[in-house]
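> Listed below, chain by chain, are the residues.
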Amino acid sequence: MSQERIEAPIPGKIVSVAVTAGCSITEDGEICVLQSMKMQNPILSPVEGTVVEVKVAAGQTVETGDLIALIEC
Amino acid sequence: MFKKILVANRGEIALRAIRECREMGIRSVAVFSDKDAAALFVKNADESYPLGDPEPNSSYLNIEKILGIAEKAQVEAIYPGYGFLAENPKFVEACEARGIVFIGPPSYSMHEAKPKHKSRDLMKKNGVPVSPGSDGAIDDASGMVKAFEVADGIGYPVIVKPSGAGGGIGMKVAKNKEELQAAMDYAKSLGSEAFGLPAFYIEKYITRAKHMEFQILADKKGNTVYVSDRECSVQRRYQKLIEEGPSPIMTPDLRERMGADAVKVARILKYVNALTVEFIYSMDNNEYYFNEVNTRLQVEHPITELLTGINLVKEQIRVAAGEELGYSQQDIKLRGWSIECRINAEDPFMNFMPAPAKLIAYNPPGGFGVRVDGGVYAGYAIPFEYDPLIAKLLSWGRNRNEAIETMKRALKEYQIEGVKTNIPFHIVALDNESFRKGDYTTHFVEEQGIVKKLRELKKAGVFT
Chain A
1 MSQERIEAPI
11 PGKIVSVAVT
21 AGCSITEDGE
31 ICVLQSMKMQ
41 NPILSPVEGT
51 VVEVKVAAGQ
61 TVETGDLIAL
71 IEC
Chain B
1 MFKKILVANR
11 GEIALRAIRE
21 CREMGIRSVA
31 VFSDKDAAAL
41 FVKNADESYP
51 LGDPEPNSSY
61 LNIEKILGIA
71 EKAQVEAIYP
81 GYGFLAENPK
91 FVEACEARGI
101 VFIGPPSYSM
111 HEAKPKHKSR
121 DLMKKNGVPV
131 SPGSDGAIDD
141 ASGMVKAFEV
151 ADGIGYPVIV
161 KPSGAGGGIG
171 MKVAKNKEEL
181 QAAMDYAKSL
191 GSEAFGLPAF
201 YIEKYITRAK
211 HMEFQILADK
221 KGNTVYVSDR
231 ECSVQRRYQK
241 LIEEGPSPIM
251 TPDLRERMGA
261 DAVKVARILK
271 YVNALTVEFI
281 YSMDNNEYYF
291 NEVNTRLQVE
301 HPITELLTGI
311 NLVKEQIRVA
321 AGEELGYSQQ
331 DIKLRGWSIE
341 CRINAEDPFM
351 NFMPAPAKLI
361 AYNPPGGFGV
371 RVDGGVYAGY
381 AIPFEYDPLI
391 AKLLSWGRNR
401 NEAIETMKRA
411 LKEYQIEGVK
421 TNIPFHIVAL
431 DNESFRKGDY
441 TTHFVEEQGI
451 VKKLRELKKA
461 GVFT
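Residue numbers (this note's numbering), protein chains in the order written: chain A, 1 to 73; chain B, 1 to 464.
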């Protein structure tokens, strides 16, 4: 078992979160949608696993590198 | 003439308007969100007032805040630019109610132009060519039944367009009955959710199309002219990336016919100020069809300025102040060729992901035939709250080939560090054989595999 850190690739605002802690998630499953420069960018899981923790909520702004979620795979 | 104007916008277009104000002896007032406090347009304005929270609804879209500042600063007129409040009739009415001149069309013209099925019907009734399709709005089951009859009559593929949407949002192409049902359901739900308007319409889908548009200027006395045509077919997800003027397929006869129809559209809308009339040109049957109007200045307007020498922003201000154009159609002469590349903060190697960041180095190109309309500098942080446009790079040449070569030289000279940009995309697109021949449609980017080519060149080490 290893933990995958999902970080914000760019600054922006979280407009929706699709998962909660304990959810199972598939590879390329949506974690949240990050809006930046008027574009909606879905943040997808690079691995299949279980969501351990979600660090963001809708309406929150993030900087590059901020932790979005931890996924156990 | 006005003594003081408030510029209700940001970025390059705000700076542009402030520059014209200075040349015309008009005092300029900037409004800015917290994220724009260090922006060039703020530094260059004669006065500036904060809007606070950068969220667009709290800042550049906030009518009350902006009009409050306009009254406090005692301006006579407001320059809207493009985007934000530029096409909002409620804002125009609020200006009109307070006796502030809106530098743009009267609210009446804006209401006539929207929703899109309404302007389509209005143009059809008045003899402007529109693509074969449905009449009026479709928003219920009986309308959908009729839509199937219309589709059978004009033949598939058809395109379903939500009446309230712009920028290609919610548009879907249907190749058969099943796809049409799905596209209509989608347009209806998207329209209700996003625009509070379930209405949509259907048109014959033109598979090989060029996006062409005409710049119109009209004064309060009813003098209306078309200034130049532009072609904006190089798009990605309905976002324009490269524009040029004239269109490579334009002829004097076609320009005269399309220009006359564009003027007719402006007259039907009782239009005053700067207008763009968009047409879809079919490469299958060489016919053109009215698409929609943009009741504001367009991003790509400098192409027309370089071709004609007419300063469109100054003309907007003059016309709003009640001055006459002072020239007629015959006085407008086109000279040479012009191209615009939109320099965006986005990563063309990562599916065009937005790339808001701080500019570490910034040296725009120059030299003969190059124009850069920007509003940034080294050290400036490009915020994520607004669109990704860093600057508009334009070239001018005596002919198309010269304009392309000048553009390529300028793109390669452009030094931007710290922020990823779409410059590599432009370089590849301008070198494409179909583009060089002028033989391209709105499917250019996908059909020619521009993004794939970019990745290959990156692998080969051409781009870093």
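If you are wondering where the hints come from, they were derived from the structure by calculation, not from laboratory data.
Since the model is a prediction, treat every value here as computed from it, not as a measurement.
A portion of the hints provided could be inaccurate.
As the list claims (entries may be wrong) - Here are the computed lysine-lysine pairs in the DSBU-like style, where the Cα-Cα straight-line distance is at most 35 Å: (1) A/Lys13 x B/Lys172; (2) A/Lys38 x B/Lys221; (3) B/Lys270 x A/Lys13; (4) A/Lys13 x B/Lys177; (5) A/Lys38 x B/Lys270; (6) B/Lys114 x A/Lys38; (7) A/Lys38 x B/Lys314; (8) A/Lys55 x B/Lys358.
Unchecked claim - Some chain A residues flagged as far from chain B (calculated, every beta-carbon gap over 12 Å): (9) Met1; (10) Ile10; (11) Lys13; (12) Val19; (13) Thr20; (14) Gly29; (15) Lys38; (16) Pro46; (17) Glu63; (18) Cys73.
Note that beta-carbon positions come from the ideal geometry of N, C-alpha and C, so glycine has one too.
> Each hint: holds or not?
We went through each hint and held it up to the structure:
no., hint, verdict
1, A/Lys13 x B/Lys172, "holds (28 Å)"
2, A/Lys38 x B/Lys221, "violated (39 Å)"
3, B/Lys270 x A/Lys13, "violated (41 Å)"
4, A/Lys13 x B/Lys177, "violated (39 Å)"
5, A/Lys38 x B/Lys270, "holds (33 Å)"
6, B/Lys114 x A/Lys38, "holds (23 Å)"
7, A/Lys38 x B/Lys314, "holds (29 Å)"
8, A/Lys55 x B/Lys358, "holds (25 Å)"
9, Met1, "holds (30 Å)"
10, Ile10, "violated (6 Å)"
11, Lys13, "violated (7 Å)"
12, Val19, "holds (21 Å)"
13, Thr20, "holds (24 Å)"
14, Gly29, "holds (18 Å)"
15, Lys38, "violated (5 Å)"
16, Pro46, "holds (14 Å)"
17, Glu63, "violated (9 Å)"
18, Cys73, "holds (23 Å)"
Checked against the numbered hints above, the structure breaks hints 2, 3, 4, 10, 11, 15, 17 and satisfies the rest.
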